[in-house]
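Given next are the chains, with one letter for each unit.
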Amino acid sequence: MAEPLPADARRAAESIGKADIVIGIPSYNNGRTIGHVVQAANAGLSKYFPQLTGVVINSDGGSTDNTREAVLSASLDEGHLMLLSTPIAPAHRLSVPYHGIPGKGSAFRLVFQMAALLEAKACAVVDSDLRSITPEWIDLLLRPILSADFDFVAPYYHRHKYDGTITNSIVYPLTRSLYGMRVRQPIGGEFGVSARLVARYLERDDWETDVARYGIDIWMTTIAIAEGFRVCQSFLGAKLHDAKDPSSDLSAMLQQVVGSVFLLMNEYEAVWRERNGSQPVALYGFRYDVGLDPIDVNVECMVNAFCRGCQDLGEVWSTALQQETYSQLQELASAACAGAQEFRMEDDLWARVILDFACAFKKHPLLSRQLVQSLTPLYLGRAASFVQQTRSLGSVRVEEDIEKLCLTFEALKPYLLNQWINEPPPAMEASRMPPVPERAEQAKLEV
Amino acid sequence: MVGTLQKVLESMLDRLYKYVTIYLPSLLAAVILFLGAYLMAVVARWVLYRIFKGPAIDKFLRQSGLAFMIDPSGRLRATRIVAETVYWCFILCGFLLGLSVFDTDITTQIIQSLVFLMPKLVMAGLILLGGAWLGHYLGRSMLVWAVNESIPGARRLSVLVRVVVMFVAVVVAADQLDFARSVFLAAFIILVGGGVLTASLAIGLNGAGLRRFLQGQNEQPTEDSHERSLWNHL
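Residue numbers (numbering that gives the first Met the number 0), protein chains in the order written: chain A, 0 to 446; chain B, 0 to 233.
Next comes chain B alone, as it looks inside the complex (with noise of 0.2 Å):
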């Protein structure tokens, strides 16, 4: 029994020293090019902090509204933008790299999954944050114009029209990578067809007889009122 139990002990001693002989050294490899690559990604931060300007981004991102949008207190410039990209491509380089250290099946197929869905994943990301800015835009244009037509429910209208822009945008990120084509496929078809089930009801009942029903319900006076009494404006 104890000559059992030691040659089941010894055994599991030899895998693991076996394993420890042929791993370690790749394991430590695998740390120090992370390592490496991970000091490399501080100094170049760190560089691109003092060095990288930018002025033609930072306008861009301002005018075009996407620095409010991402970071709303305003302060998203073009240096932290490049810093933290260079950053987090470094960290990426060298956690591949590390992987390729150990050069088996599991991991050389890892690499090649990571490498391959690294330019649909930004182009996701950039169709994500597209879409985001046209929601965001769109969603803005909506609230105004019905502020300005007195239509019941304006922020509503607006926050509806960011959720289904950004929906569509989802829709199509999600059809670039593959994931979860069908249900997207049919929660946006689903969508759609309410939608314009919907705007057929509205245009069929008469748009302008349910607005105005919907202004009566709140018995206040219509834009139009004060639009006769004020003739000539300019």
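Pulled out of the complex, with its shape left as it was, chain A reads as follows (with noise of 0.2 Å):
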């Protein structure tokens, strides 16, 4: 626990003493839905986990607005949920202002510390803009850990075939082939951590790096699948959210999940190397069909974007590619830039892209960020892609392409395996070279 705890945080975690619940809640500027989650979270505490005692933790990065306000004020009539036992106490409620870098991660460490501190035995974290969330959700995430045993439990929910585009395209599929176990939603914002996962994260020395922003969800789910905690799933329905911030930088948030995926690979290469193929995870909650706010997608901005991408990165990305993958994107940026009417990046050519792209992170360190951020144009043009395969499509067929993707990552994992020991030689220097036909043939014919 290298960052102490903030002075405030930690008069208020002695003030209150210990608890066994801990829910967070990370917030920058979420006044307008963050009284709705706290009342969600309090309402779950009192309805599901009366005899237990519960703090609802708001960690705060400095909120202009009045978030702060609105989670100390956020009340709720207990009359109006039928409880069947009255709580032995009221949920103590908190918000703190994090400290360090600015991000979800370094709200989350705050939150875990003070769970620490408080000796909970199990914590829940929660988005601050969710529109959907219900007492239930709390109990969805903590049971698991409280009755079960589990140490991680991973939200499971009905998305628009858009939404989420990271998971579903590059997070989800890696992770999946990679670890061995289908964990639907890696990234997806709301946990729940056993004490001893907990203590586990807190123990970490690399809260300084991405995970203290975005890279945070993928780094909690990995690190639990990876050093063999009990994980599950739990499905809460639906989740709508505030409508994100348009200035929010997307190739900054895809350098920091993805980044944190491909530096957990090398931190965790001994466990996946090991791991073929990939089974089920456990799912808790009743099932049940929802109805989803509507994403417009503008796919010829994408595609220009794509474009543009691969007339001007050549010189990065055949650093990172190998010399197949990279003509094929070339014949597929000739295709797209005349004008073609269909735009198709085939599950196969993408899954390729990011496996080469895991393999350049760990053999260029010192590039492994732009190289990172180069994704942006390829990820914009299988987000393109995707759309226009599915546009015609029901969520379940959608969910079909996701897991034939997501056969694609596991079938490639020789190619991957191959590159990560043999590095042959990028699109750069082969293109250079005179020909290398053992590598190339080997790696074909382990595909």
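Just to be clear, a hint being listed does not mean it is correct.
Straight-line alpha carbon distances no greater than 20 Å define the calculated PhoX-like cross-link-like pairs of lysine-lysine that follow [stated by the list, open to error]:
1) B:Lys17 x A:Lys361
2) A:Lys362 x B:Lys58
3) A:Lys46 x A:Lys120
Covered stretches of chain B (chain A as the covering partner; in silico rule of three or more C-beta atoms under 8 Å from a C-beta of chain A) [what the hints assert, rightly or not]:
4) 56-69
5) 132-140
6) 148-158
Read the hints as simulated data drawn from the structure, not as lab findings. It should be emphasised that the depicted structure is a prediction, and the values quoted were computed from it without experimental measurement. Think of the CB as a built atom: it goes at the ideal place given N, C-alpha and C, for glycine as much as any other residue.
Grab the two chains, each in its own frame, and use the hints to assemble them into the complex.
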């Protein structure tokens, strides 16, 4: 625990003494929605855990709106909840500003530090911009830990087919193929964590990296899976949340999330190299269908971004991609830039792009940041292709397509291993060198 | 007339004979020393190519991107760098030893200048190499950023960054070598001054407005529009 707990947070925790459950809500200018989230958390504690003491902690990143006031003033008439038993004590509510690098990860760190100090048995974290959270979410995130001895509860939602494209196209397939567990929303944002796992998170010394920002979700999930903690999922219904800040930087977000996945690949190499295929993860909660907010997507803009990337970023991509992958991308770009009606980036090509970048990330640590940032146009190209392919499909068919992509990633694991271990030359090198048939052929054969 | 001509020729031949008797042994000794150094250089290079591996240096060269920058084929290895460095060190030593045999004021001066210049040359070379690497790195970062932000002329911006960084490195290296200091310094001040003026104007004229204006010229849809449409990527 390198970063000390801020004095006001420590005082607040000491005044409470001990608690069984901690619910953390990170925030930054979420005054509009956080009141509802706090109410749902309080109601969840009162309704489902009346015999346990709970604390709701808002870890705030210096909001300039009324976020903290909204947390402290959020009230709930428990008479409307029809509680079966009276809670032994009302849940405590705290709003504490966190210190350090601004970001969701730093906010979580403060929540975990307080949970450890309060000796909480379980801790749940939920986003502050949720519109669809209900008291049941608290039960679903915490019950598997308190009653079934799980260490990590990942969320499972119904989402619009175009919602969570980084999850669907990169993080879920890659995490699943690497670590062999089908955690459908590895960067969902809502998690339940046991005291044991909280202690493990706090032991680590990489909190000052991208983990402090958007990398936190995949970091938590990967550690839980790779280090053998007991993992399950809970069905939470729909995830509806406030629109994100339109000025948020996609490439920075992508770099933090994907960079964290690649960084953890280095750390847990020994784990993922031994795992093949994937297995389902226990899913709790009653599944039902829900209506979802429509999402409007401008495919043309995304294809333009892809073409622009292909025109200008060749020198960066060619240091990361294998010759064959790079050639296929160039062909695709030529067709797209010439105004081809259908733009389609096949699963196999996309999977090889991601795996090539993962290997390049390991091979060129000094260039890793710009390599991952250069993925943005490729990601937009893939997203555009996905949208075009699934425009007329229902959610079940879309889920089948995502499953196919995951299977492609799993099938390409030998390709990844071959590159990871043998480090064959990337496109830039290969194009200037005499052909090296053994390795290239070997890679093809293994695939 | 013939007698005078004969005298001139005889005195010239005498002088030539004197020079030959004075300098020929030294020249022969110098050639022998240089050839010896050359042979040692060839042998040392041959041996180093076979016994020296230097995987740690190879790893550094590859990871830092220096290998690709110096030799775009990516085949630059520590073995080659060390072997070639040792080879040229031997050649240089042989040359200096050969010169020292003549033991004249001018050769002594040349040797002294070269010996004193050598550390500065090495330092200047390292500065240029560092500048090239930094320029390459920052240029690529600029390229990636500009493409992601849909800034027009991303490649030109990247080249500009590389040129500016390399120019700064050249100024520092020239300063290190005491070579045309004032010329490079004046050029550097003009460049930096121009850059600051441009930046001030850009800020004054509102950079975002300028960007919108530039993008409007191209009449292309901006990244913001899909950013708004594809709300949640995570």
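Status of the hints after comparison with the structure:
For a cut-off of 20 Å, the pair hint linking Lys17 of chain B to Lys361 of chain A is broken: about 70 Å separates their Cα positions. For the given pair, Lys362 of chain A sits about 9 Å from Lys58 of chain B by alpha-carbon distance, which is consistent with the 20 Å threshold. Note on Lys46 of chain A and Lys120 of chain A: the hinted pairing holds, with a Cα-Cα distance of about 18 Å set against a maximum of 20 Å. Only when three residues or more bring their CB closer than 8 Å to a CB of chain A does the claim for the region 56-69 of chain B stand; here the count is 5, and the claim holds.
Residues of the region 132-140 of chain B lying with their CB closer than 8 Å to a CB of chain A number 3, which satisfies the three-residue condition for coverage. Under a criterion of three residues with beta carbons nearer than 8 Å to beta carbons of chain A, the stated coverage of the region 148-158 of chain B is upheld, 3 such residues being counted.
Violated hint: 1 only; the structure is consistent with all others.
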